[in-house]
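Chains as they are written, first to last, in this note's numbering: chain A, 1 to 245; chain B, 246 to 895.
These aren't lab readings, by the way, just hints derived from the structure by calculation. Remember, it's a predicted structure, so these values are computed and weren't measured experimentally. Glycine is no exception: its CB is placed at the ideal position from the N, C-alpha and C atoms. One or more hints might be untrue.
[Unchecked claim] So these bits of chain A aren't anywhere near chain B, every CB distance computed over 10 angstroms:
id : residue
1  : Leu5
2  : Glu50
3  : Asn71
4  : Gly94
5  : His141
6  : Asn171
7  : Arg204
8  : Pro229
[What the hints assert, rightly or not] Coverage of chain A stretches by chain B, computed from C-beta distances (three or more under 8 angstroms per stretch; other residues unrestricted):
id : region
9  : 54-68
10 : 152-159
[Unchecked claim] Covered stretches of chain B, going by a simulated chain A footprint (3 or more residues, C-beta under 8 angstroms):
id : region
11 : 272-283
12 : 390-399
13 : 528-535
Now for the letters of each chain:
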Amino acid sequence: MRFTLRIWRQRDRDDTGAMVSYPVDHVSPDMSFLEMLDVLNEELVRRGEEPVAFDHDCREGICGACGMMINGMAHGPQRATTACQLSMRHFADGDTITVEPWRARPFGVIKDLVVDRSAFDRIIASGGYVSVPAGSAPDAHALPVSTSSAEASFEAAVCIGCGACVAACPNGSAMLFTAAKATHLGLLPQGQPERYVRAAEMVRTHDELGFGGCTSMGECTAVCPKSIPLDVISRLNRDLLHGQP
Amino acid sequence: MLKTDKTFYVDGLSIADGKAPSGPIESRWGRRESEVRLVSPANKRRLTVIVVGTGLAGSSAAATLAELGYRVVSFCYQDSPRRAHSIAAQGGINAAKNYRNDGDSVWRLCHDTVKGGDFRSRESNVYRLAEISSRIIDHCVAQGVPFAREYGGLLDTRSFGGAQVSRTFYARGQTGQQLLLGAYQAMAKQIGAGKVRQYPRTEMLDLIVVDGRARGVVTRDLVTGEVITYLADAVVLATGGYGNVFHLSTNAKGCNATAIWRAHRRGALFANPCYTQIHPTCIPVSNDHQCKLTLMSESLRNDGRVWVPTRARDPRSPDRIPEGERDYFLERTYPRFGNLVPRDIASRAVKRVCDSGRGVGPGGRGVYLDFADALDRLGRASIQAKYGNLFQMYQRITGDDPCCVPMRIYPAVHYTMGGLWVDYDLHSTIPGLFVIGEANFSDHGANRLGASALMQGLADGYFVLPNTIGDYLADAPFEEVDLDHPAVTATESEVRGRIAALLAVDGDRTVEEFHRELGQLMWDHCGMERTDRGLRSALARIPALREEYWQRVKVPSGGRRFNQELEKAGRVADFLELAELMCVDALHRTESCGSHFRTESQTDDGEARRDDTNFGYVAAWEYAGVGRPPVLHREELGFSYFEPTQRSYQ
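This is chain B alone, in the form it adopts within the complex (with noise of 0.2 angstroms):
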């Protein structure tokens, strides 16, 4: 094991979650939901709450909070809620409903879970999580999601990477759009009836702390640029991932870390930043100037088989190469769960296969998912009913028919497990200031399973925020705050000097030229395999990139109208700092587990090797200012249900 110097990081105290429940597991969400302080609807009436972004989490907890009688004011960057990007989730849902009869149970689906995030995520968020599932599905299905349905009219189900059960509930393709729908429209709903206030084209820039308490947000209206103070009693920021540091990513091109990056800064723990999920099944980089990758569902591996050839750099076209000169690695390598290993499993081993030049397409950097075999067994009709749109979409960018020629596939940067620390309640370290959804960290560890990212956000905003953030509000009326409160024109003003500076520079390089620079060197030192050496490149090359950012970034003018390259030029400003933090993260595990892999810890057979004894921990880190070294918070994870083994799927 290597040794790990401290320089890049300090040490701090460790912390805890407060509000860590204790008992059987089983009981636990059910006695925190019954012990939390209740508002009562007459002062609910006279409490504003704050969500930012309308995602799954941020949508469903806006019309939650609402329906539970709360003032709700909800912001998105998009020029409409329901554009945020759970839409594009395609392949499902899981739950523990176990209608299959196949042995599923709320039990086995928290132990997938943890097993799948490689034992860095706490036990008790996991067990509540698969806990709830059940009823996200009840919800959703009420609200008119039109979830497929087998002949009987009952609701169908599928398998996910990382399970031997079929638990996954899905809406074809489009499972993500038509959830997001469900809670977009259960928010509209409250829209129309005034007691949510919606406000699109707007950012939030900065987070407002009185007293130590988040007491509202700074946001730019995109249309007009005005820089606007909105003040309430709590904020709940569901902004998303930070996949986008990588600027080649799944996410959508507006996706970004702002909300939380400001927040950070403000003092809330980031932590696990460098658990980032690289998606195995995503379609190659064709051109240069692709500023975007396209996921292909999971799900796909249901029935497409995933080989390349025996030969390395093979010339010939995929059907001139005979069976017995295939090599379908994912089966060879893991019989018990062939092509639906985890992602982080998958991913891996598709970049092994192309690092030793069996790679296939330009550049040999992607390899075959073959539906022959499925075709054949069950025909045309029975793989496009499942997959139609799919194909589509892959003909569509690539001209191929996927019944007629295997797709090519490599994996991308999809989903980040880090996030803003928070407590059982989704409380950050800030009072006030709550995190739900792919913006927090909370419930997948080092690597999230395949169909949990909706059950994950989903859960948090019906269910669990709703009920927690009363506990913190039980407490209000809070300080008199007035826009004229100093803490809010300080902050003001700083997001309005930010914005001038960024105007100021006038440089001759493009945000985007810098954005692609700091991608592709994150995704050479902090992407599918991490070293040592790599990341301390990339920490001596960041500082000087940023440095270079400030001096020659160019924006063309104007802070007051609508302005799409200032919007960008402060996310990539953000990405090139939070970019860091990532690759100290990532340095100072040196450890592998789940979708982190260091190169210096990995078994005999090239898997990730965990070592339990020294990073059995969530690492919180604390702001010290740009460049200075982090501060480390080490939150202890404790197994009584689970016990942590080397993960094997073979």
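Bound conformation, chain A alone (with noise of 0.2 angstroms):
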């Protein structure tokens, strides 16, 4: 197969930045979104040009640390798909394909492709946990957890933290990663202690990040390569009026 790809290249932080194409020839459909930018990578190395840079590392749709526009959705056309595990027989021989970083105010661009996601880890020090410290645990069969509740937060619990949602959504919202947390420690009953006060605080942190608010529009669920419902947002937002004085 043979592609056209516009990428984004932006040398730094204060580049402007600007769209470039590049030919790439001899891909095979079983290859990784991916491995097509390493061999276009490995191409522009031996020519002495600059190969494009993102993030990746498990190429197996779990660390989260790959994430993408292609052709303007997040993650490319697939569902519930990572780029590493995109595979190329979903496009057609002979396709331009445009391939943008992240955009959204709060993940500044660092490289071509690569963004600073680190708002996120921010949101989680933030309450994003529960607090019990090693070795302080009752047997673990004291608390039983039905099977639809472990079954619901698990659902939440899958989020890799990729930030496609915030990509996709027309406000720049975190709100589906930031509720995601929220549900899947909020339906436990070990994270009911805290679950107002994680509510609220994560959501300060979201807020004074610059992320923008939630309305409602569900771009972001349709882009979850995890497929995370939107109904844990509303989960969220009942903690957080619960929470209110």
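If you follow the hints, you should be able to join the two separate chains into one complex; please do so.
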């Protein structure tokens, strides 16, 4: 297969950046999108040109490192699939494919397709945990959890923190990310003591970091590679209201 | 038995685990815990501990040390600590809870692990691991890890390879992710409280040793390219394994050996480097540009049956091959464990049938993992609930639905049992340098059982290290060290020199080309089967390849900026040195044991034949310079509780 890639190139934070076109040839339909970028990069290095910077690590859709807008969609056209798991067989031979970084005010571009997502870590550090020092836990069977709670909690807990939700949101909101954590812990008995404080603190940090508000567009859940449902945001809102004085 | 010739290594003095506890095995850890010296809360506040790596071991250690009151500085090369590769562990975590009442116990978990490791681990360490396992589950549940549950609300478990009991706790196929997020969140709380300073996108490039003590690390800020030194009272390495030496592995792309290799060059002994685990159930290689292999969890072997056609090079599609012309070779050869034999045994069995021409798929490098029977027995919904995400992942990569077409699988490099040598306290041979998780060599012997890596990483990080490190720090304060200390400036300038040297080559071959070539060489000669001849040819080739690397590698210019090729270049440079030590270790160990299979040492039915008389020891290697024969220190392994036997799963 052969493609034309239009890729956002930006030297560093201060550079204005621009789209640059690259032809790529001999792409096998079994390759992943990132393997295709690897091939392009090896070619660029050989020619003495600057390779395209992009974050990636596990290449199996779980670490959350990779993420880019592919033809205007976060992680590309395949539902519930990260860029590293997106196979080239979903594109037509000869296609022109546009590749851009996540765009959101709190995610500054570091270089090319690499953005700074440390804001997510700050949201978690402000309350996305259960306070339990090592060594202090009771027996694991002391608190049974119904399978329905455990399942719903798990569905929210699978968030990989990739940032696609923010990139897709017209408001640049990180509500799906924040609410996924609030839901994961809020549905379990272990998460109850800190439930309302957790929601309030995480949302406060979210807002301070410059993420926008949620207007229920639902773009986030549509692009989420782990299909986190939109109703986690309702749960978060309920916890917020409940926690208000 | 072959005679070992020693031109490729030098005999050194034997070593012993100076902290090895004595007395009844059940009371050893308890005794050590109550014997270690304590550090008062007021002094803890003044002591800084560096933790490199944020996987299960690193995050749990950083969180726990901060909870105890130490000042903690944490580093990871990823853009967030939550992305460390523990996140990709699928299957589960073992614990001797015996919630199933199926006869499990600490004793039995210990026995299975010692036997699974083919009697090449320390029984005291393994017993401690088994003992702690239950507390890990308690702790993770309390953190809100959403483990799978039964309808009554209690925790569910499943069976894993090498065990006849159901002791593996799991969170669908994402156990590693959920456990890591638990540890990450515990650390995040401490970051929020200002007790852990965390530096993402920061890679450790060297260890600072002052007057024989580990006192800090030299790092590179991967965004700005700045070389920055951090000083501390102790350093903990939790940087994972070195499977990426093989280029193609199930490790994440960034996983590397630089931290442990640099520590080794500074004097830390490296134990059993040749013990590398080849996992039997991975998705086979599909194209030449592939740079990463994907694991399919071992848990699939609970319900999937492994088979190949009885006829070599059978061109028929699997659905057209009648039952009578299928060879369920694991069930046939190992009737007692069937498809659940340990990984090393399963991998070699797969290789044997493929070598005999009966493999399936492109190049005959694959066997079927078939769920048809389980789908008939349990129904599609039940199978989807157990393995849904794994099936999806398989389908995304291959385009096939495992509910309709049997999976194709083939072994791939997955885990390294070898690592830096540590004593019972997880203390390396450099005072003040501790090593935890996959980065050390401690508990798995020559082969790790499934669902034991998560157990070990968390045991080390939550429960062992935070206790034992106090015994060392009780001697603090140590000598005052600042950034102008000659040992610091010398190490920093070595790091800068190395970066400059990599950039200065400006050759004509990419880092990736060298990595691919090294990986192929290692896979061919130091992979699933090792021979005297093959290892010698690898040992002849590696130094030449390394020399070529430093003459022809091409790295885009710019040390003082974000430069991913430069990061990779440094890691591959270290793999080129480590690979040689792995081959030396594999060549010197003329026995077979666990994952280390020497063709010359096998039983009549093709299983690994150990030689306890000559090789019942841990091989701990001392660095002697690039290309110089390393020095071998032997730590004899004694077994008072578990009689070493020829391992049999038949």
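So leucine 5 (chain A) supposedly isn't at the interface. Is its beta-carbon more than 10 angstroms from every beta-carbon in chain B? holds (15 angstroms)
Take a quick look at asparagine 171 (chain A) and tell me if its Cβ sits farther than 10 angstroms from every Cβ on chain B, holds or violated.
holds (23 angstroms)
* **Status of the stated non-contact between proline 229 (chain A) and chain B (beta carbon gap over 10 angstroms)** => Its Cβ never comes within 10 angstroms of chain B, the nearest being 15 angstroms, so this holds.
No chain B beta carbon within 10 angstroms of histidine 141 (chain A)'s: Violated, since 6 angstroms does not exceed 10 angstroms.
Check of the region 528-535 of chain B against chain A for coverage (Cβ-Cβ below 8 angstroms, three residues minimum): It holds, with 4 qualifying residues against the three required.
| request: With a C-beta cutoff of 8 angstroms, work out whether three or more residues of the region 272-283 of chain B approach chain A closely enough for the coverage to hold. | output: violated (count 0)
Q | Proximity test - 8 angstroms, beta-carbon atoms, the region 152-159 of chain A to chain B, at least three hits | A | holds (count 4)
(Q) Just to make sure I understand the rule, a stretch counts as covered if three or more of its residues have a C-beta closer than 8 angstroms to a C-beta of the chain. Does the region 54-68 of chain A meet that for chain B? (A) Answer holds; 11 residues pass the 8 angstroms Cβ test.
Next item on the list: Beyond 10 angstroms from every chain B Cβ: check whether that's true for glycine 94 (chain A).
Entry: holds (20 angstroms)
Subject >> chain A over the region 390-399 of chain B, status - at least 3 residues with CB closer than 8 angstroms >> reply: holds (count 9)
**Study point:** Interface exclusion of asparagine 71 (chain A) relative to chain B, criterion Cβ beyond 10 angstroms
**Key:** holds (18 angstroms)
| field | Status of the stated non-contact between arginine 204 (chain A) and chain B (beta carbon gap over 10 angstroms) | value | holds (12 angstroms)
In the structure shown, a violation is registered for the earlier hints numbered 2, 5, 11, in ascending order.
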